[in-house]
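Asks: Letter by letter, the chains look like this.
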Amino acid sequence: MSSEEDEFGGSYTVRGRDFIDAGLVSSQIKKLLKDRGIPEDVVRKVAVVTFEAEVNIISYAEIGTINFHVDDRAVTIEAMDKGQGIPNIDLALQEGYSTADDTIRDMGFGAGMGLPNIKKFSDDFEIISIVGKGTTLKSVIKIGGK
Amino acid sequence: MTLSQLKEILKAEVICGDEKLPSVEVHTAFGADLMSDVLAFARSGCLLITGLTTPQTVRTAFALDIAGILICRGKLPQPQAVEIARELGIPLLKTEYIMFETCGILYREGLRGCICEILAGDKSCVE
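These protein sequence lines are chains A and B, in that order.
Residue numbers for the first sequence follow numbering that gives the first Met the number 0, so the first one is 0 and each next one is one higher.
Residue numbers for the second sequence follow numbering that gives the first Met the number 0, so the first one is 0 and each next one is one higher.
The set of hints was computed from the structure by calculation and includes no laboratory data.
Fair warning: there could be bad hints in the mix.
Claimed, not checked - Mimicking BS3-like on lysine-lysine, the simulated pairs with C-alpha atoms at most 30 Å apart in a straight line are:
1) K33(A) with K137(A)
2) K30(A) with K19(B)
3) K93(B) with K19(B)
4) K33(A) with K19(B)
5) K119(A) with K30(A)
6) K81(A) with K118(A)
7) K119(A) with K81(A)
8) K30(A) with K74(B)
9) K141(A) with K81(A)
10) K93(B) with K33(A)
11) K137(A) with K81(A)
12) K33(A) with K118(A)
13) K30(A) with K10(B)
14) K93(B) with K10(B)
15) K119(A) with K33(A)
Claimed, not checked - Some chain B residues flagged as far from chain A (calculated, every beta-carbon gap over 10 Å):
16) T1
17) Q4
18) G16
19) L33
20) R58
21) Y96
22) C102
23) G103
Every residue gets a Cβ at the ideal spot worked out from N, C-alpha and C, and that includes glycine.
All chains, please: the whole structure from these sequences, using the hints.
Replies: Shown next, in the form of structure tokens:
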């Protein structure tokens with residue numbers, strides 16, 4: 000394969016504090032990728048990364064966007080938000096470190112596994128955050144080890 | 000075991016997906032209330048045992064291609080969770096047993112963890 004026809008993507012808006020719908024974008028992206036015949040292990044990784052990114056935006060930002068793009072080599076996910084930002088990224092990447100409130104914990108999240116999970120399931124991972132402005136993260140998941 | 004057998008063993012109530020129970024087989028399980036841990040460590044095809052009743056339980060199961068969800072401690076899943084499980088085709092059951100008892104009974108009946116020890120990485124518990 001490898002033509003522009005094989006490339007596709009999408010963009011989704013995620014609203015802060017919209018707890019009831021947390022995970023909806025992840026489910027939608029997963030369905031799309033599955034329908035397009037992307038390998039199951041890749042689809043699962045994308046579903047986990049987008050789920051955690053979505054929960055992060057809902058929990059800590061006013062509003063955000065999740066974009067994904069697929070070509071024959073990889074799925075690239077970008078999650079950008081306007082929000083409080085992360086003062087110490089090294090700390091936020093440590094398993095178990097969390098600043099979550101009870102609403103987030105009631106949902107089954109907020110135990111300091113979000114960013115570590117995103118990093119764990121990504122082949123490439125970048126994050127930039129400005130306190131008081133927001134956070135942008137990029138995750139690349141390779142297809143077929145390419 | 001099939002989910003039908005599991006239903007009998009745990010005297011479970013089926014919330015949705017009744018028609019799928021005879022054909023869905025599970026050999027492994029993961030038990031947790033923390034969905035981030037489920038996302039980190041559970042494996043596709045396993046049974047999810049949890050006390051968390053939110054829509055995120057179902058969305059987490061969907062993200063990982065989990066075979067079915069068993070709610071323990073007699074809790075009722077939230078209506079939105081049931082709606083999403085129906086939409087996504089994920090069987091949802093509930094049992095009165097606490098998580099410890101649920102896991103112990105299922106282990107005795109042959110189910111194993113989808114991973115054994117976190118430090119052992121991907122090593123499966125299924126011989």
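Asks: Each hint: holds or not?
Replies: Now the hints, each set against the structure:
Distance hint between K33(A) and K137(A) is fulfilled; the C-alpha atoms sit about 21 Å from each other, no more than 30 Å. With a C-alpha separation of about 20 Å, the suggested pair K30(A) and K19(B) falls inside the 30 Å cut-off, and the hint holds. For the hint pairing K93(B) with K19(B), the CA-to-CA distance comes to about 15 Å; that is within 30 Å, so the pair holds. With a CA separation close to 21 Å, the supplied pair K33(A) and K19(B) stays within the 30 Å bound.
Between K119(A) and K30(A) the CA atoms are separated by roughly 22 Å; this keeps the pair inside 30 Å, and the hint holds. Proximity of K81(A) to K118(A) is assessed by CA-CA distance (about 21 Å); at most 30 Å being required, the pair is judged to hold. For the proposed pair K119(A) and K81(A), the alpha carbon gap of about 24 Å is at most 30 Å, so the pair holds. Proposed proximity of K30(A) and K74(B) is supported: the alpha carbons are some 29 Å apart, at most 30 Å.
Of the supplied pair hints, the one linking K141(A) and K81(A) holds, its CA atoms being roughly 28 Å apart against a limit of 30 Å. A threshold of 30 Å between alpha carbons decides the hint, and for K93(B) with K33(A) the separation of about 29 Å falls inside it, so the pair holds. The suggested pairing of K137(A) with K81(A) holds, with an alpha-carbon distance near 15 Å, which does not exceed 30 Å. Of the supplied pair hints, the one linking K33(A) and K118(A) holds, its CA atoms being roughly 22 Å apart against a limit of 30 Å.
As the CA atoms of K30(A) and K10(B) are separated by approximately 33 Å, the hinted pair breaks the 30 Å bound. The straight-line distance between the Cα atoms of K93(B) and K10(B) is roughly 9 Å, inside the 30 Å bound, and the hint therefore holds. Pair hint K119(A) plus K33(A) holds up; C-alpha atoms about 21 Å apart against a cutoff of 30 Å. In this structure T1(B) is separated from chain A by more than 10 Å, as the shortest Cβ-Cβ distance comes to about 22 Å.
No beta-carbon of chain A is positioned within 10 Å of the beta-carbon of Q4(B); the least distance is around 26 Å. Distance to chain A confirms G16(B) as a non-interface residue, since its nearest Cβ pair spans about 17 Å, more than 10 Å. Residue-level check failed: L33(B) sits 5 Å from the nearest beta carbon of chain A, not beyond 10 Å. Here R58(B) does not stay apart from chain A, with its beta-carbon only about 3 Å from theirs, under the 10 Å limit.
With a cut of 10 Å on Cβ distances, Y96(B) stays outside the contact zone with chain A, its closest approach being about 20 Å. Under the 10 Å C-beta cut-off, the non-interface status given to C102(B) relative to chain A holds; the minimum distance is some 18 Å. Non-interface call for G103(B) relative to chain A: holds, since the shortest CB-CB distance, roughly 23 Å, exceeds 10 Å.
Of the hints listed earlier, those the structure fails to meet are numbers 13, 19, 20, in rising order.
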